[in-house]
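J.: Full structure from sequences and hints, please.
Protein chains in written order, with our numbering: chain A, 1 to 343; chain B, 1 to 343.
Keep in mind that a hint or two might mislead.
Given that identical chains are not distinguished, each listed pair holds provided it fits within a single copy or across any two copies.
[Said to hold, decoys possible] Capping the alpha-carbon separation at 25 Å, the derived lysine to any residue pairs in SDA-like fashion look like this:
no.: 1; residue 1: 184; residue 2: 141
no.: 2; residue 1: 184; residue 2: 4
no.: 3; residue 1: 274; residue 2: 68
no.: 4; residue 1: 274; residue 2: 286
no.: 5; residue 1: 146; residue 2: 68
no.: 6; residue 1: 227; residue 2: 275
no.: 7; residue 1: 201; residue 2: 234
no.: 8; residue 1: 274; residue 2: 70
no.: 9; residue 1: 227; residue 2: 203
no.: 10; residue 1: 274; residue 2: 110
no.: 11; residue 1: 306; residue 2: 12
no.: 12; residue 1: 211; residue 2: 59
no.: 13; residue 1: 211; residue 2: 6
no.: 14; residue 1: 184; residue 2: 261
no.: 15; residue 1: 274; residue 2: 328
no.: 16; residue 1: 274; residue 2: 57
no.: 17; residue 1: 274; residue 2: 239
no.: 18; residue 1: 329; residue 2: 18
no.: 19; residue 1: 274; residue 2: 16
no.: 20; residue 1: 274; residue 2: 71
no.: 21; residue 1: 201; residue 2: 185
no.: 22; residue 1: 306; residue 2: 29
no.: 23; residue 1: 274; residue 2: 58
no.: 24; residue 1: 274; residue 2: 262
no.: 25; residue 1: 184; residue 2: 53
no.: 26; residue 1: 201; residue 2: 266
no.: 27; residue 1: 274; residue 2: 17
no.: 28; residue 1: 211; residue 2: 181
no.: 29; residue 1: 274; residue 2: 18
Keep in mind that the hints were calculated from the coordinates and are not lab data.
Chain residues, written in single-letter form:
Number of protein chains: 2
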Amino acid sequence: MNPIQNQQIVLAARPDADLQLTDFRLEEVDMPVPGAGEVLLETIYLSIDPYMRWWIRGEKSYNDPIEIGQVMVGGTVSRVRQSRHPEWPVGTWVLAFSGWRRFAVSDGSDLRRIDPDIAPPSTALGVLGMTGFTAYSGLRNIGRPKAGETVVVAGASGAVGSAVGQIARIHGARAVGITTGAEKLAYVRDELGFDAVADYKAPDFAAQLAKASPNGIDVYFENVGGKVWDTVLPRLNMFARVPVCGLISQYNARTGGTGGDDRLPNAMALIMGKSLTLRGFIQTEFAATQMDDFLRDAGQWIADGKLRYREHVVHGLDAAPQALIGLLKGQNFGKTLVQVGEP
Amino acid sequence: MNPIQNQQIVLAARPDADLQLTDFRLEEVDMPVPGAGEVLLETIYLSIDPYMRWWIRGEKSYNDPIEIGQVMVGGTVSRVRQSRHPEWPVGTWVLAFSGWRRFAVSDGSDLRRIDPDIAPPSTALGVLGMTGFTAYSGLRNIGRPKAGETVVVAGASGAVGSAVGQIARIHGARAVGITTGAEKLAYVRDELGFDAVADYKAPDFAAQLAKASPNGIDVYFENVGGKVWDTVLPRLNMFARVPVCGLISQYNARTGGTGGDDRLPNAMALIMGKSLTLRGFIQTEFAATQMDDFLRDAGQWIADGKLRYREHVVHGLDAAPQALIGLLKGQNFGKTLVQVGEP
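T.: What follows is the structure, given as structure tokens:
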């Protein structure tokens, strides 16, 4: 059943503003062949995440940027289709980092086994995977919400945001979700159980946020930047914590001159005057020591109905570029996944 | 010997840019009279600190702003001249917060006894007082320099900066001091023993800083803001810590529109991409639990010659406004004190 050719999507151009379909190219290449001690993986689900846009920008930070012509990176849920490694028999479900391609070879060192009987395997990319752990570790290590405090998160219907608000509530905090559109606002409030919501596209967004956080804001889980951050910042309480996880509103922005007033002096003055903590983080920092705790806690919370999730699944590897473009524009609803292969 | 009238300096106008002498007014008022359980204090030394300019701005943060007509606030080293409190006999040296006035009344609850035999009493406002403790607590709780790491501080010849670099070296870190002028640069490098210095007014400041921090920067003790921060930010290492203690370069800035490019998106991207920690703080947060440790440690370091200090003393209460103006312009050299009374 294997096709003779493999398929992969590479970065074709480095956009300097909004990402376009033409920034990607689908390629047919030779099938990879596993050597001794290696396995052939077929991608079943590919995770689509905001950080991909960051890695495309070409700025060096915690990661090497993706080069032109390089296969797009990404976490995958894959199955072993050929095995020359005794610990990874054919049929095994694994969490991998194959990137945007149908087949890949691994020596097993970068794989984690997935038990499909515990939860649908796709959740290993979402609520029980990197995105859920991002929410969990950012709150546990940086946000540290106490009972009765107020936690605000944007992208509240999305993969990370939805988990942030629900975990905050599990800790006894008040969860305020920022999103837009009647359907998403209702989902966050009514299905996810956030205490309040605010519509960042509404003309009275600032008033909505003030009403939703009558005692100010103690934790702002930052994953969007831009206008939302400007509105949240003056409402932060003394000693508030801001885990800086993502800046999705900035990723498409041109580099260099930005125009507009310089907002940094005011932000620094508030950091100083209110004894704020801003802390950037990538979940990998905490994975080695806290992933087991997370899988145990989150598995229980899902079983108890306290941690709900929603997936936005598109089909076919060639749908991946549009899925990422839509994610960056806030068009998706839930954890964005591409179903690349059949289980 | 007491004069019949007391003297005090009040805020006469709220400047919207550079502080002026005309923003202050010297007043003669009736002498305060201690009631039962109170003491009359004479100010011997008045501390002049950057935060005073911040409190004048009229923005509400951790403090109530100073109102027009209100006596300027400030820490003082004072002596008890009349006592109706058995625990505070006449002649006692105390650390107080009398503000910009010659005499004040206290019930003792806000006083700390100073032993003039351990160190000159003026040091209770500097290296053994708030400024020294600001350096100590910011490094201990936020900067947390490890041996071999690089710690950078601006205002390196000043009260806080000089202590930051020396304490960093005591912890085994590399200390880089930023200041300007041949005399201050030489003092920081040769007398305080910093590992390297950089002149922020030099055209090649960025190159000087790069040369001074060949392994990047792990801790930036932020007390100036502005251009220095812009130059430091791209040199921060992964997981660098930035105690945000002051922003002296901003205090005289007009509020509202700033012009110039918006530097916030780039700063947020670096915070995210390098997993940086920015943490605003006021030393009072840590004083209750760590002041005893500080006095013990700093006293020993001074005795051992590892913690040196320099005082910039002007004379007479009416010299206080110019002392603050000079401090904000970087014209002073060492901890700025006004000697108001005779011991």
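J.: Each hint: holds or not?
T.: Outcome of the hint check:
With identical chains, the CA atoms of residue 184 and residue 141 are never at most 25 Å apart, being 28 Å at best within one copy and 41 Å at best between copies. Within a single copy, residue 184 and residue 4 get their C-alpha atoms no closer than 43 Å, and across copies no closer than 72 Å, so neither meets the 25 Å cut-off. Taking the shortest Cα distances, residue 274 and residue 68 sit within 25 Å of each other only across copies (23 Å), while inside one copy they are farther apart (43 Å). Taking the shortest Cα distances, residue 274 and residue 286 sit within 25 Å of each other only across copies (15 Å), while inside one copy they are farther apart (27 Å).
In the homo-oligomer, the alpha carbons of residue 146 and residue 68 never lie at most 25 Å apart, since the shortest distance is 45 Å inside one protomer and 39 Å across protomers. In this assembly of identical chains, residue 227 and residue 275 lie within 25 Å of each other by CA distance both inside one copy and across copies; the values are 22 Å within and 22 Å between. When the C-alpha separation of residue 201 and residue 234 is checked against a cutoff of 25 Å, the pair qualifies only within one copy, where the shortest distance is 18 Å, while the shortest distance between copies is 33 Å. In this assembly of identical chains, the alpha carbons of residue 274 and residue 70 lie at most 25 Å apart only when taken from different copies (23 Å versus 44 Å within one copy).
In the homo-oligomer, the alpha carbons of residue 227 and residue 203 lie at most 25 Å apart inside one protomer (12 Å), although the nearest pairing across protomers, at 35 Å, exceeds that limit. In this homomeric assembly, residue 274 and residue 110 come within 25 Å of each other (Cα to Cα) only across copies, at 23 Å, whereas the closest approach inside a single copy is 42 Å. Taking identical chains as interchangeable, the C-alpha atoms of residue 306 and residue 12 are never at most 25 Å apart, the minima being 42 Å within one chain and 58 Å between chains. Proximity of residue 211 and residue 59 under a CA criterion of 25 Å is satisfied inter-copy only: 23 Å between copies versus 38 Å inside one chain copy.
In this homomeric assembly, residue 211 and residue 6 never come within 25 Å of each other (Cα to Cα): the closest approach is 53 Å inside a single copy and 49 Å across copies. With identical chains, the CA atoms of residue 184 and residue 261 are never at most 25 Å apart, being 32 Å at best within one copy and 34 Å at best between copies. In this homomeric assembly, residue 274 and residue 328 come within 25 Å of each other (Cα to Cα) only across copies, at 22 Å, whereas the closest approach inside a single copy is 32 Å. Only between protomers do residue 274 and residue 57 lie at most 25 Å apart by alpha-carbon distance; the minimum there is 15 Å, versus 33 Å within a single protomer.
For a Cα distance limit of 25 Å, the shortest separation of residue 274 from residue 239 qualifies both inside one copy, at 6 Å, and across copies, at 22 Å. In this assembly of identical chains, residue 329 and residue 18 lie within 25 Å of each other by CA distance solely inside one copy; the values are 9 Å within and 44 Å between copies. Within a single copy, residue 274 and residue 16 get their C-alpha atoms only as close as 36 Å, which misses the 25 Å cut-off; across copies the closest is 22 Å, which meets it. In this homomeric assembly, residue 274 and residue 71 come within 25 Å of each other (Cα to Cα) only across copies, at 24 Å, whereas the closest approach inside a single copy is 44 Å.
When the C-alpha separation of residue 201 and residue 185 is checked against a cutoff of 25 Å, the pair qualifies only within one copy, where the shortest distance is 12 Å, while the shortest distance between copies is 52 Å. Within a single copy, residue 306 and residue 29 get their C-alpha atoms no closer than 44 Å, and across copies no closer than 65 Å, so neither meets the 25 Å cut-off. Proximity of residue 274 and residue 58 under a CA criterion of 25 Å is satisfied inter-copy only: 15 Å between copies versus 34 Å inside one chain copy. In this assembly of identical chains, residue 274 and residue 262 lie within 25 Å of each other by CA distance both inside one copy and across copies; the values are 20 Å within and 22 Å between.
Taking the closest pair of Cα atoms, residue 184 and residue 53 come within 25 Å of each other only inside a single copy of the chain (23 Å); across copies the shortest separation is 46 Å, beyond that limit. Taking the shortest alpha-carbon separations for residue 201 and residue 266, both the intra-copy value of 23 Å and the inter-copy value of 24 Å come in at or below 25 Å. Proximity of residue 274 and residue 17 under a CA criterion of 25 Å is satisfied inter-copy only: 22 Å between copies versus 34 Å inside one chain copy. Taking CA atoms no more than 25 Å apart as the test, residue 211 paired with residue 181 passes inside one copy only; the shortest distance there is 18 Å, against 52 Å between copies.
In this assembly of identical chains, residue 274 and residue 18 lie within 25 Å of each other by CA distance solely across copies; the values are 24 Å between and 35 Å within a copy.
Violated hints for the displayed structure, listed by number in ascending order: 1, 2, 5, 11, 13, 14 and 22.
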